[in-house]
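Chains as they are written, first to last, in the working numbering: chain V, 1 to 114; chain G, 115 to 1010.
Since the hints were made in silico from the structure, they are not lab data. Mixed in with the good hints there might be a few duds.
Claimed, not checked - Not the full set, but computed from the structure, chain V residues with beta-carbon under 8 angstroms of chain G:
hint	residue
1	G28
2	Y29
3	E46
4	S49
5	Y51
6	P52
7	A53
8	R74
9	R75
10	T80
11	D84
12	R86
As the list claims (entries may be wrong) - Heads up, incomplete: computed chain G residues facing chain V, CB under 10 angstroms, no partners named:
hint	residue
13	E154
14	E156
15	V176
16	R178
17	T182
All values derive from a computational prediction rather than experimental measurement. Note that beta-carbon positions come from the ideal geometry of N, C-alpha and C, so glycine has one too.
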Amino acid sequence: MRSETGDLLQGTLSILILKALLGGPSHGYAVARWIEHVTQDVLRIEEGSLYPALRRLEDSGWVTSQWGLSDNNRRAKFYTITRDGRAHLRAEADVWIRYSAAVARVLRAAPALG
Amino acid sequence: MADPDAGAPIWRRYQRFIRPDIDADVDEELRFHLEMRARELEARGASPPEARRAALERFGNVERIGGTLRSHDRRRHRVHRRSELMHALAQDLRYGWRSFRRTPGFTLVAALTLALGIGATTAIFSVVRAVILRPLPYPDAERITMVWMDNRRMGLREDIHSWANLEDYRNQNRVFTAIAGYYSTGLNLTGGCAETECEPQRVRAGAATADLFTVMRVRPLTGRPFTVAEEQPGSDAVVVISHGLWQRQFGGSESAIGRTVRLNGRQRTVIGVMPPDFTFPEARTDVWIPLALDPDDRQNRQAFGFYAVGRLRDGVSLDRARAEMSTLASALETQYPSNRDYGVYLVPLPEQVVGPTLRTSLWVMLGAVGAVLLIACANVANLMLSRAAARDREIGVRIALGSGRSRLVRQLLTESMLLALVGGALGLLVAWLGLRALVTLAPEDLPRIGEVRLDAVVLVVTALVTLFTGIAFGLAPALDAWRSNLAVVLREGGRSGAGGARGERTRRILAGAQVALVVILLTGAGLLIRSFGALQSVDLGFRPEGLLTMRIALPSAKYEQPAKRVEFWEALLARAAAIPGVQGVGGIQDIFLSPTPNSTSFTIEGRAPTPEDANIELPLDAVTPDYFRVMGIPLRSGRTFTARDNQDAEEVVMINESMARRFWPGEEAVGKRFKYGPADGGGPWMTVVGVVGDMRRTGFDAPVRFETFRPITQRVAGNLTLVARTAGDPASLTSAMRAAVKAVDPEQPVHEVATMDQLLSSRVAQRRFSMALLGSFAALALILGIVGVYGVTSYLVSQRTREVGVRLALGAPPGGVVRMMVGQGMRVAAAGVAVGVAGAFVVTRAMGSLLYGVGAFDVPTLGAVVLLIGLATLMANWLPARRAAGVDPVAALRAE
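Working from the sequences, and respecting the hints, build out all of it.
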């Protein structure tokens, strides 16, 4: 099923990834799975776009990477959120929550949508 | 699970140890994702192919994303690596700086040694660049060519033309865009200010055809050059002046154009000012006037007085020009019998300005400083080796702690470069000071020496030389570190240091090479000193001490009648002779002769000239009665001139000994008669009244010519060089002599006042300069080299203190120990001397043209050099060895 919200904004994807990494170092596939699970597939992302996004986060210093072993002993690249990444996520999350609350209020205000 | 690298070449697996394999990493990361997804889908019941397809679909465009990631990662890797390197470099530099500061003595010695080497190299290179490498300040200067008359009769390749011949070459050749004719002369300049107020001054003048400016392709800075129309006598009252004269005389004012000056009494209008770097035909030329010849002179094929310079047409090679000009010359030889054996000889102007001898000597100098630099490098390399040995434990620890070898080598090279940079910076200072001294001490006739400066090219070369030295002396310690064996280092624990067997060979080779270079330099300098000595001891044929000379040129307009000239000379001689302190005064037209003096053929009375005789030309000269006595030239037979040898008396002549011996061997020359020119020529027969001793008039190292002298009262000259013999310091009588001239004619200028010592020393100035330079480089090399040998021996000996202690404790006599150690050092020195002598043999042969009276393989010079080097190295080996043998065996054994 296609997402009703259409394509994700780039900033949104960064937030999703950073949030995913709060749970500890993960490889790209685990990040994809986490987003899938949490959003219950509502926010369907093109999985491949995760990786360029991860590189951008790395360039910004919000994420670091190193090679390690996956649960099934495969060599995989793990990403870890940095202290700067956490701060950034917090700030972005505030903006989002206020923004979405405001939009929700607008939508709830009279007259009703009908 | 599949090995991610399966299928890749086996070396790819190891590539990561050298540098990250970015492409493989990206592939692996994406493959991991796709496989995990496919596996999950399979677990939910999809067939493997379906699962793969679905995984790919969810992923998106694998190729595009992979490409993006690869290029991103590569860029990131590059940036990362660069910053890592910069960081390492900064660390190395900081570390090096600290370690230099901990050893200020070492650093000072090493930096100064390098500064001397780099500075000397820079200074000499700037001279080579200014004098040889930089083109002359004329557009396409290499196309400008001197056109000489090849005088095969006299064996003079660079002789000057008669006008008629030159005119034929100018008109008939098709290889030059133009050939300008010119001659150089001195003129008395008055004017530019009120006639009576101006001190007349002597200026160098170029009398040239108008196309000189086209040939040189230089236009006046302001005003115009002269024209062909102004080459006509009567229309030639114009003058182009030099930038220097313009500044001195007219304050650089534009209004100088159109003003008049008097040159040798003749009024001329200033029409142009040349740019400052226009120095043709001579460096000091101040005025250029049109070469305006009378019709008679234009026809003359046997009066030789004209230089010629041309510009090759585009596309014409020098060889083609030579061929065509030779053809023209042959045609003239056939057409005019008087032209027999006259050819044409072309020399490119740059070669003419800086002759082969000067070129050779400058290249020799550059080679010499290069050798000094190498010796300096070897010294610093040795110092660095010793220092590295002292740091062996530190290096060992760093290796043990996992410092990579390449990192270690980089660290050592960084230190070397840092030291080289300090040396280079100090070297620039040395070069700057050295150049100032060099330019001050350089002989005046060294062409283009005024153009020497530390310009951008020189700075770039200095930078390259600095880099080279950094690598040259940094290489030995770096290689040493590369080879260093951790186990050995830690076991020896710095006790005997890394010096041991590992460094000894390198050090010995460096010391031997230094000795070899010093031998070569000393031999070269020795040969120049011997040449100079030989030149100084040449018997000049006169007594040069206590002589004062000055030149006087009577303006031809004012002194047109010979009687007036004679009157002037006689009055002047009488006054000058009366000056207290003056023992005698004489005069001659030219004390010294140029290689191409004014000269003539001659005929001996009653004798048909043999073909060889017909080729001999006699320089023309006139002297005052007292000249030979004043100069101290001995009279061999007959008499000197007297006042009675005047226009009304019999025509008389004096000759030199060489001429008497050649033409009247075994008989008395006095009383014989000959005349200038052919037997049927218009000149009078002249009776030989006296024979004087030979004098070296063409130069110390040139053969004596056959010479004739006429009395000034019969051949009435307008130019004379006055020579006064004085009791005390000749220079102190200058003003009295000037006053005597003023008393006879207040307007008459005097120029080129000099003592004979000054004249003589300026004639050997270039040789003296080369000798002094090479001598100082050789001395510097000797000091540096011996210090180097001493340093190596001291170090090697100090490394063996323990061994010496054991030997002494076992009862070896101290003398034997010293002999053993000195013997080892001397074997190296002997090898160095052998190589050096062989090298000197090759190198000094290139110096052939710089030598005089001594062969390139000169046994006394080589013997002295070998002896000097032998003694010096013996001392350098013996001192440290003796010190080592003097130790107390017990202390030596405990020492470490």
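Evaluation of the provided hints:
no., hint, in the structure
1, G28, "holds (5 angstroms)"
2, Y29, "holds (5 angstroms)"
3, E46, "holds (4 angstroms)"
4, S49, "holds (7 angstroms)"
5, Y51, "holds (6 angstroms)"
6, P52, "holds (5 angstroms)"
7, A53, "violated (11 angstroms)"
8, R74, "holds (6 angstroms)"
9, R75, "holds (6 angstroms)"
10, T80, "violated (15 angstroms)"
11, D84, "violated (17 angstroms)"
12, R86, "violated (23 angstroms)"
13, E154, "holds (8 angstroms)"
14, E156, "violated (14 angstroms)"
15, V176, "holds (7 angstroms)"
16, R178, "holds (8 angstroms)"
17, T182, "holds (5 angstroms)"
Comparing the model with each earlier hint shows violations of hints 7, 10, 11, 12, 14; every other hint is respected.
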